[in-house]
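Q: Order-wise, the sequence lines are chains A and B.
Counting in my numbering, the first sequence runs from 1 upward without gaps.
Counting in my numbering, the second sequence runs from 1 upward without gaps.
Be aware that a few hints might be false.
[Claimed, not checked] With beta-carbon atoms standing in for the labels, derived distance ranges:
| id | chain 1 | residue 1 | chain 2 | residue 2 | range |
| --- | --- | --- | --- | --- | --- |
| 1 | B | 83 | A | 439 | 47 to 57 Å |
| 2 | A | 188 | B | 120 | 21 to 31 Å |
| 3 | B | 105 | A | 462 | 55 to 65 Å |
| 4 | A | 51 | B | 103 | 50 to 60 Å |
In short, the hints are calculated from the structure, not lab data.
Beta carbons are placed, not taken as given, at the ideal position from N, Cα and C, and that holds for glycine.
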Amino acid sequence: MIVFALLLLPPLLAAVLAALVRPYRPFVGWVTALLSLAPLGAAVALWARALQGDVLTAGPGEFLRADGLSVLLALCVSFVAGLAAWLGPGLAAEDGYHDPERRSYRVYSNLFAFTMLLAVTTHNVGVMWVAIEATTITSAMLVPLHVTKASVEASWKYILIGSVGIALAFVGTVLGYFDFVNLAGEQASALNWTVLVASAPSLHAEVLKLAFVFILIGYGTKAGLAPMHTWLPDAHSESPSPLSAMMSGVLLGVAIYAIVRWKTVVDAAVGPAFTDRLLIALSLVSLVISAFSLIAQRNYKRMLAYSSIEHTGLTCLGLALGPLGVFAAMLHMVNHAVAKSMMFLLAGRVQQRYQTTGIAQVAGLARVMPVTAGFFAAGMFAIVGLPPFGLFISEFALVRAGFAAGRGWLMGLVLLLLVVAFVALVRHLNRMLYGAPPDATPIGEREPWALVPLGLCLLILLALGLLLPSPVSQLLDQVVEITTQ
Amino acid sequence: MNSVFSQMAVLGSSLTLIFGLILLWRRSVHAYVTAFLWQSLVLAGVVATVAYFHRDPELYFVAALLLLLKGLVIPRLLRRMEQRYGAERELQPYVNTATSLLISGLLVLFAYALARPLVALSQLPTRAGIPLALGLIFVSLFVIASRKKALTQVIGFLMLENGIALLAVLGTYGIPLVVEIGVFLDLLLGFIVMQIFIYRIRETFESSDVDQLGRLRH
Chain A
1 MIVFALLLLP
11 PLLAAVLAAL
21 VRPYRPFVGW
31 VTALLSLAPL
41 GAAVALWARA
51 LQGDVLTAGP
61 GEFLRADGLS
71 VLLALCVSFV
81 AGLAAWLGPG
91 LAAEDGYHDP
101 ERRSYRVYSN
111 LFAFTMLLAV
121 TTHNVGVMWV
131 AIEATTITSA
141 MLVPLHVTKA
151 SVEASWKYIL
161 IGSVGIALAF
171 VGTVLGYFDF
181 VNLAGEQASA
191 LNWTVLVASA
201 PSLHAEVLKL
211 AFVFILIGYG
221 TKAGLAPMHT
231 WLPDAHSESP
241 SPLSAMMSGV
251 LLGVAIYAIV
261 RWKTVVDAAV
271 GPAFTDRLLI
281 ALSLVSLVIS
291 AFSLIAQRNY
301 KRMLAYSSIE
311 HTGLTCLGLA
321 LGPLGVFAAM
331 LHMVNHAVAK
341 SMMFLLAGRV
351 QQRYQTTGIA
361 QVAGLARVMP
371 VTAGFFAAGM
381 FAIVGLPPFG
391 LFISEFALVR
401 AGFAAGRGWL
411 MGLVLLLLVV
421 AFVALVRHLN
431 RMLYGAPPDA
441 TPIGEREPWA
451 LVPLGLCLLI
461 LLALGLLLPS
471 PVSQLLDQVV
481 EITTQ
Chain B
1 MNSVFSQMAV
11 LGSSLTLIFG
21 LILLWRRSVH
31 AYVTAFLWQS
41 LVLAGVVATV
51 AYFHRDPELY
61 FVAALLLLLK
71 GLVIPRLLRR
81 MEQRYGAERE
91 LQPYVNTATS
101 LLISGLLVLF
111 AYALARPLVA
121 LSQLPTRAGI
131 PLALGLIFVS
141 LFVIASRKKA
151 LTQVIGFLML
161 ENGIALLAVL
171 GTYGIPLVVE
181 IGVFLDLLLG
191 FIVMQIFIYR
201 IRETFESSDV
211 DQLGRLRH
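Could you build the full structure based on these sequences and the hints that come with them?
A: In structure tokens, the structure reads:
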């Protein structure tokens, strides 16, 4: 009970505090940043309990429930939300933001973190939907933090496409509930996930299949699966960087989490072949579109956003490749959460220095900001899947799972697309690192302390790539067990 | 008694779909808001009817909330936006009226085909309305995709929500109350944020044609 309170209440408290203190004061930033550590601690505590085999629940009718899958997501969300709180607007004196913007950032980013944490720990798939819809609302408010034509346009696309997509996921949820009610009558607990999974074998295949199509399109829109991805490059590139980090790093993961929950229910009823086929089709489209869009990018934040579509595609592909694939997919999601949030935060530093997001306008990064450039290059190698970083291991495991599942041709195609993305990204990186910096650009790192948490990200990626610690692999084993019951 | 109930449910669902179709052939935003208002009133009526025949006090509460939110608060906010921008008109949608109506007819047929397993499965007297609810969902999606004014798209979104609410009440006699309240809250907040964004679009682009929103490509 207390651990759930520590997970969910601090972000709410932080948002209330930031809303009440008007105008913005720097202490609000520090207090909210400190508060962001509490959910991380709670998530680690839940992790420890999960490793002992406990599934904690709380609230009336087991409203909150943290099994291995929830714990995995709670860890990712609280970690990235912590990064965004410590490196977001409002702590440093010269961060390029005005006080009203800092205040809104502190209010909405904390509400955003709260809605994501609620989405992954609630037991009720209806409430999960409500929370994920709320993530759209809270994060959309921050997209146009700097009001420009481009950011206004991005925010409109995001809220409209996001809300419509998520509404379709609700149609799917209602259809799933419809099936259950026809079987067992009205029950308050009918939307509890464990109840749904337990009764799935006696539910109707045709209705559940229809429900899953709606759910996949709906949550797939939020997860950035092509062809419903059109809002993503705009929203992720126009947002302030710490928000992009949260959106790319974990919001996509939260949407994938919702798909996994429903996939487990539908698989229990009709077997995995149906959901696997749909997931493979959409993932493949995402991989193709993102790989070729990466070549044409002229904006480094859009480049990172398209790379997120690619990784969403990989994760969803893994989900369709049996237990080994699920293990690889979930590991990949964790790796991506760490790597991409680090990259967006570094991109924020670059943008602040060069005052542009154009790849061609950023030259000589290695000379202007040597440490940032080093981290940026390392992160880029991580997201293209080079060893010794974690994404290499998860992509390797994923491809091996594909071959084991007898999908050799598919894996060949995927490898080819990964090479395309690799070449495109490394070429862009090259252009940013070298060359002569523009004349007016000051040389040297500013606010070097901000590099400490980013270096931590890099260490985590190395740890996941070189040793894959056993608490992590044990948690992932639990996730595989949960999703393939 | 059940046949009266069933006929009322079908009548209500048909009316909501027809109010949805108004978006396709009228041009003025004023008419759209009126259509949405009436659709919401009918929807609240359907929910109250189900509450009466099913003797479910929870559903009366949902009907009252619906009436308050979609029958009063949101239409009022929509009217205020409409007044602020004068008489907005949807002059050149991406798809013209005749084609729009044809496509919507096909979408409703498609909804009937898709809903066959649902109708076959359900024992409820309200089941005949399920395809109409799905039809309204598809038509609303089409409105959002084919219209240019941001305000029209928002009304399309609100009608989509009405379609889902109709589906839930006809198919399951309402989803659990916790979720229902959460959905209302999301809808209200989402609508308010969309409203803020429309004002922003007007300020930065001096028009609310989403046509203008073409800066971000690739």
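Q: With reference to the structure, classify each hint as holding or not holding.
A: The hints, checked one at a time:
1. B:83 / A:439: 47 to 57 Å: holds, 52 Å
2. A:188 / B:120: 21 to 31 Å: holds, 27 Å
3. B:105 / A:462: 55 to 65 Å: holds, 59 Å
4. A:51 / B:103: 50 to 60 Å: Hint holds: Cβ distance 54 Å, inside 50 to 60 Å.
The structure agrees with every numbered hint stated previously.
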